[in-house]
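J.: Those protein sequence lines, which keep their order, are chains W and Z. When we follow the working numbering, the leftmost residue of the first sequence carries the number 18, and every step to the right adds one. When we follow the working numbering, the leftmost residue of the second sequence carries the number 58, and every step to the right adds one.
Derived by calculation from the structure, the hints in this document are not laboratory data. Do not rely on the hints blindly, as some may be mistaken.
Calculated cross-link-like contacts (lysine-lysine; reagent style DSS-like; alpha-carbon spacing at most 27 angstroms) [as the list claims (entries may be wrong)]: (1) LYS76(W) / LYS99(W); (2) LYS85(Z) / LYS97(Z); (3) LYS92(W) / LYS76(W); (4) LYS76(W) / LYS84(Z); (5) LYS99(W) / LYS200(W); (6) LYS92(W) / LYS97(Z); (7) LYS200(W) / LYS92(W); (8) LYS82(W) / LYS85(Z); (9) LYS82(W) / LYS99(W); (10) LYS92(W) / LYS82(W); (11) LYS82(W) / LYS97(Z); (12) LYS84(Z) / LYS82(W); (13) LYS76(W) / LYS97(Z); (14) LYS84(Z) / LYS200(W); (15) LYS84(Z) / LYS97(Z); (16) LYS206(Z) / LYS200(W); (17) LYS200(W) / LYS97(Z); (18) LYS76(W) / LYS85(Z); (19) LYS84(Z) / LYS99(W); (20) LYS205(Z) / LYS76(W).
Spelled out, the chains give:
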Amino acid sequence: MNYIWAGIILVSFIYSCAAGRLDEFGQAMMNSSQDAVTFILSLAGIMAMWSGLMEIAEKTGLINKLSQVLLPVTKLLFPAQKDPETLSCIIMSFTSNIFGAGNSSTVFALRTMERLDAQNHRSPVASNDMCTFAVVNMAFAPIIPVVTVQLRQNLGSSDPYSVVLPAMIASWITVLVSIIACKFLERRF
Amino acid sequence: MNQFFSAVSAGFVPVMAALIIGYGIWKKAPVYDYFIEGAKAGLHTAVDILPFMIGIYIAVNGLSASGFLDFVYVVLRPVFSLLSIPVELLPLMFLRAISGSGSFIILQNILEIVGPDSYTGRAACAMSGGCETVIYALALYFGVTHVKKMRHALAGGLIGYFTGIIVSLIICNIL
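Based on the provided sequences and hints, a complete structural model is requested.
T.: Dropping the structure here:
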């Protein structure tokens, strides 16, 4: 991450110098740090809400029940994962992703990562479960890309839904390939 | 039909909330106290990830503002025409990996130029639907952990991302 981050910034700096766009570059840096704060603030409410609801679900035992039902599915992806609460965070992240609740999914993804980190004894090297979860969760896409469909409708498409099936197929193949890639790569890294 | 899908999407949060709270009350649990406890932890997480968000936002927006991507597009243009992939899709392929809202604006531009029902337009839609903001998501996810080496997460994410792009291109050709 250190090299990627430094690389992006330095390349932008050098190119903006060469292209005479240093002014825009500087402006963008300032504005974006502001935007990041605005974004997190807008996410913070949803985050607190879901954390609150999940706390209820956790303490009343609802989460345990849910993860038992879905255990066969998660066993495939995370064979070593035993903790019911982590599993349910993973499941919630996947489901909210599929239902198109992107922000909720982010919240559950972050909770999952925190829990996996604790299991990993806060080691600086990522565990297999962390990588699998991150990669697979990124590959999941909403069943219905509502915003895209809306955009097509607005622009006068004759069949706004014609992209639903292609997008769905693309995303499921992506999920499949991601899982295989992870299981394969985890032995080499 | 769109109304139905929107309703499913919109219904997810309230239905989950009602289920969880309903179950809690049925179990006679102090649901409100639990909620406050959890919300506190949630706010903590939000504050924890803020530095990572600022870092990634600076890098991503700085890169777009520097005009470097325009340079990349010029370089890659011949390669794309050679593979008979529509060049209009280039900016989307790059920006989809780093920024969700940014790539959405690009999608809109593409659809306005080529029309939503053309091959290029449909492939663009499939791509935005099937690919995720990989770089951004990884920075965010690993931001809450103590991980310095994310091993194969980046490689795996990128493999998934490019699979999404290639499948979108092929599938829109067939369907």
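J.: Within 27 angstroms, alpha carbon to alpha carbon, are LYS205(Z) and LYS76(W)?
T.: violated (33 angstroms)
J.: Taking 27 angstroms as the top limit, are the C-alpha atoms of LYS92(W) and LYS97(Z) close enough?
T.: violated (31 angstroms)
J.: For LYS76(W) and LYS85(Z), compute the direct alpha-carbon distance and say whether it is at most 27 angstroms.
T.: holds (11 angstroms)
J.: Is the hinted pair LYS76(W) and LYS99(W) satisfied, with a Cα-Cα distance of at most 27 angstroms?
T.: holds (18 angstroms)
J.: Between the alpha carbons of LYS82(W) and LYS97(Z), is the straight-line distance 27 angstroms or under?
T.: It holds: about 25 angstroms lies between the C-alpha atoms, which stays within 27 angstroms.
J.: Would you mind confirming whether the straight-line C-alpha gap from LYS76(W) to LYS84(Z) stays at or under 27 angstroms?
T.: holds (10 angstroms)
J.: Starting from LYS84(Z), check that the Cα of LYS97(Z) is at most 27 angstroms away, please.
T.: With Cα atoms ~23 angstroms apart, LYS84(Z) and LYS97(Z) stay inside 27 angstroms; holds.
J.: Take a quick look at whether LYS92(W) and LYS76(W) sit within 27 angstroms of each other, Cα to Cα.
T.: holds (23 angstroms)
J.: Would the pair LYS200(W) and LYS92(W) pass a check requiring their Cα atoms to be no farther apart than 27 angstroms?
T.: holds (13 angstroms)
J.: Are the Cα atoms of LYS76(W) and LYS97(Z) separated by 27 angstroms or less?
T.: Given pair LYS76(W), LYS97(Z) holds - Cα atoms ~15 angstroms apart, limit 27 angstroms.
J.: Hint check: LYS82(W) vs LYS99(W), CA-CA at most 27 angstroms. Holds or violated?
T.: Satisfied, since the Cα-Cα distance of roughly 14 angstroms is no more than 27 angstroms.
J.: Verify the proposed pairing of LYS206(Z) with LYS200(W), using a straight-line Cα cut of 27 angstroms.
T.: holds (18 angstroms)
Taken one by one, the earlier hints fail for this structure at numbers 6, 14, 17 and 20, listed in ascending order.
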